[in-house]
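Undergrad: Residue numbers (our numbering), protein chains in the order written: chain A, 162 to 591; chain B, 19 to 275.
Note that these hints are calculated values from the structure, not bench results. Careful: at least some of the hints might be erroneous.
Said to hold, decoys possible - Listed below are several chain B residues computed to face chain A (Cβ distance under 8 Å; list not exhaustive): (1) D33; (2) V61; (3) A65; (4) T68; (5) T255.
This structure is a prediction, so every number in the text was calculated from the model and none was measured. A virtual CB, placed ideally from N, CA and C, is assigned to each residue, including glycine.
So the chains spell out like this:
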Amino acid sequence: MPQSVTEAVGSTPTRPSPRRQGLWLRGAVRAGVAASSISRNVGLGAGAIIGGRVTMALAPSALAGLAAGRQVVLVTGTNGKTTTAHLLAAALRTVGPVAHNATGANMPDGAVAALMADPAAPVAVLEVDELHLADVADAVAPAVIVVLNLTRDQLDRGSEVRSVAAAVSAALAAHPDTVVVANADDPMVVWAVGATARVVWVAAGSRWTGDANACPRCGGTVHRDRGGGAWRCGCGLTRPVPDWTAGSASTVTGGRVIALPLRLPGSFNVGNAAVATATATALGLDPDVAAAAMSTTSEVAGRYAMTTLHGRRARMLLAKNPAGWAETLHLLGEHPVLLAVNAREADGRDSSWLWDVPFENLVSRHVVASGERAADLGVRLTYAGIDHTTVPDPIAALDALPPGPVDVAANYTAFHRIRRRIDTERGSAE
Amino acid sequence: MNGRDALSIAVLLPDVLGTYSDAGNAVVLAQRARWRGLDADIVPVLADDTPPAGCDIYLLGGGEDTAQVFAVDWLAGHRDVLGAMSGSAVTFAVCAGLQILGTTLIDGSGYSRDGLGLLDLSTAPARARAVGELVSECDVPGVGLLTGFENHRGTTTLGPDARPLGKVCSGIGNGAPHPGGAVDGAVQGDIVATYMHGPALARNPALADHLLWRATGAPFDDADMPDVPDLPALRRTYLAATGRIRATPRAARPGRR
Chain A
162 MPQSVTEAVG STPTRPSPRR QGLWLRGAVR AGVAASSISR NVGLGAGAII
212 GGRVTMALAP SALAGLAAGR QVVLVTGTNG KTTTAHLLAA ALRTVGPVAH
262 NATGANMPDG AVAALMADPA APVAVLEVDE LHLADVADAV APAVIVVLNL
312 TRDQLDRGSE VRSVAAAVSA ALAAHPDTVV VANADDPMVV WAVGATARVV
362 WVAAGSRWTG DANACPRCGG TVHRDRGGGA WRCGCGLTRP VPDWTAGSAS
412 TVTGGRVIAL PLRLPGSFNV GNAAVATATA TALGLDPDVA AAAMSTTSEV
462 AGRYAMTTLH GRRARMLLAK NPAGWAETLH LLGEHPVLLA VNAREADGRD
512 SSWLWDVPFE NLVSRHVVAS GERAADLGVR LTYAGIDHTT VPDPIAALDA
562 LPPGPVDVAA NYTAFHRIRR RIDTERGSAE
Chain B
19 MNGRDALSIA VLLPDVLGTY SDAGNAVVLA QRARWRGLDA DIVPVLADDT
69 PPAGCDIYLL GGGEDTAQVF AVDWLAGHRD VLGAMSGSAV TFAVCAGLQI
119 LGTTLIDGSG YSRDGLGLLD LSTAPARARA VGELVSECDV PGVGLLTGFE
169 NHRGTTTLGP DARPLGKVCS GIGNGAPHPG GAVDGAVQGD IVATYMHGPA
219 LARNPALADH LLWRATGAPF DDADMPDVPD LPALRRTYLA ATGRIRATPR
269 AARPGRR
């Protein structure tokens with residue numbers, strides 16, 4: 162990276178160079194690499210996580226060792242981590258190699274695996290699960306932490322949104338020299354960022370306000386201006402003046418308009434791209450160069466991709482929680498819709514959230530409900546007044562839709578199960 | 019029904035006590051009323067609104083600690099609504115909603131404060147959070163097994179004026195020792211409360227209909243009531259944990275409720 166990167170964000174603590182890492186770490190990394198290639202060869206998956214897991218088991222401080230001497234950006238928040246990290250990595254690659262957990266493996270083992278995979282990259286972009294931010298930040302001494310939004314997701318695991326925000330807040334407070342790039346439109350994020358000194362505020366938008374009507378600081382009512390924008394609570398918590406503002410296909414900073422000609426759909430992704438542009442700029446890049454590099458990204462770990470599923474054109478959309486579903490339903494066109502919902506650990510075991518999703522908006526479309534929680538989804542659709550067919554197997558469910566292209570919207574493990582079926586079909590067709 | 023044509027269902031503070039999607043209970047009640055030819059209005063009452071005191075059904079959902087404190091203060095400032103909730107109307111309260119209607123709430127730091135006193139129960143912090151599926155056998159005749167998802171850290175002790183909503187078959191429920199075994203929820207007059215999310219009335223249509231009967235004063239003639247096609251499969255999935263019914267019955271009859 163150019164010198165300006167260090168100048169822009171200040172120096173990071175000195176760490177021993179990778180060359181001086183202990184023999185033990187190198188051995189652990191070698192064992193992890195071997196484990197991941199075994200995993201790949203026997204068809205267990207992409208192999209990244211198992212490699213990271215083996216390395217961490219052998220050398221618990223592997224993350225710190227692997228991050229030493231690199232400029233690390235951590236991206237956290239409920240929705241948009243993977244997309245924002247992909248856009249940011251695309252921008253930073255205009256300058257040099259970037260290590261990146263591109264598959265969305267956002268626990269510490271995924272970070273280890275990403276750093277192992279690109280040992281020479283001087284820069285790393287790591288998306289990090291909100292509840293693991295503190296541990297990962299302590300290990301990697303990040304130059305920048307990006308906080309996108311904090312809304313309800315997997316309440317059985319994270320318990321409550323406000324306690325997730327408190328965990329993020331503690332992680333940020335432990336790194337006062339780190340630059341924080343944060344969403345000024347989300348009161349929960351603003352509360353979590355608190356008095357952090359070095360903040361770049363981005364008005365990235367927030368269609369979902371269901372978790373921040375009650376002020377995270379005092380429990381009172383957050384008042385919003387009609388048409389979005391400013392918000393404030395009587396206790397004094399208020400929207401900071403943004404340094405960057407996302408528009409419909411651009412972002413503005415200091416009167417300068419940066420075009421964002423994205424190939425990803427939706428206003429939500431314009432917000433993500435505005436955050437990525439602000440972050441790249443904080444790292445010393447020219448914002449127009451960063452924005453141009455982002456315009457090449459057309460899918461993100463299989464999300465938004467047009468693919469062939471069981472002989473049909475299918476657009477793959479991932480939505481994990483009410484905020485994500487609200488954005489995703491907004492993207493749907495006139496095509497028939499295949500919905501797939503699971504409730505495994507990675508999805509959250511409690512499927513109550515289905516009742517926060519405005520499925521009423523699907524009226525007049527052909528809809529099929531699938532996934533391991535197809536019955537929960539079907540009950541929700543019936544009460545929403547949406548005619549549908551319920552077929553638990555998502556591939557078999559396609560046959561219940563009229564011929565032609567379909568939109569597929571699925572939550573986390575349901576999405577990945579369908580992706581694996583696509584890969585299998587593709588493999589057998591070759 | 020307070021002399022009007024439409025059943026009015028107030029969702030109290032969905033902006034504050036909306037964390038666990040319990041507002042879905044209002045959708046279920048309204049649709050089940052409409053399917054029987056009865057008009058129903060859902061009235062969301064936000065923190066900045068003045069709550070109407072003349073609704074037929076009042077709903078309270080779950081929320082976080084600061085939200086609970088806010089909700090107690092807010093409701094305490096609207097005595098006419100509290101009067102309706104414990105008087106002419108039917109009230110259904112879930113999780114934090116149950117806790118704030120009790121007499122005493124002790125928070126995680128040990129600070130004790132008064133609840134609204136509509137239910138004879140008190141809640142203290144539990145040692146561990148109760149997170150998972152909860153199944154109970156409902157004490158209300160004809161309702162049967164209840165299923166829901168609990169996610170709370172309260173231990174709720176019932177006083178003599180409150181009866182449990184059901185006996186726990188699996189899961190934690192109220193968490194406090196109770197004569198005859200673990201129980202979930204509370205019933206006192208026309209107030210019904212539970213720790214079950216899901217939302218509870220989506221998973222348990224018999225409980226929804228029980229509340230509608232209480233609110234309208236008479237059981238429905240259900241000849242025209244349509245089936246909710248996926249409900250039998252949903253209930254089979256969640257009730258299988260109790261061992262009372264098989265996960266995949268040999269002769270499942272789709273559409274039979």
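Undergrad: If a hint holds in the structure, say so; if it doesn't, say that too.
TA: Going through the hints against the structure:
no.: 1; hint: D33; in the structure: holds, 3 Å
no.: 2; hint: V61; in the structure: violated, 17 Å
no.: 3; hint: A65; in the structure: holds, 4 Å
no.: 4; hint: T68; in the structure: violated, 13 Å
no.: 5; hint: T255; in the structure: holds, 6 Å
In terms of the numbered hints stated before, the structure departs from hints 2 and 4, listed from lowest to highest.
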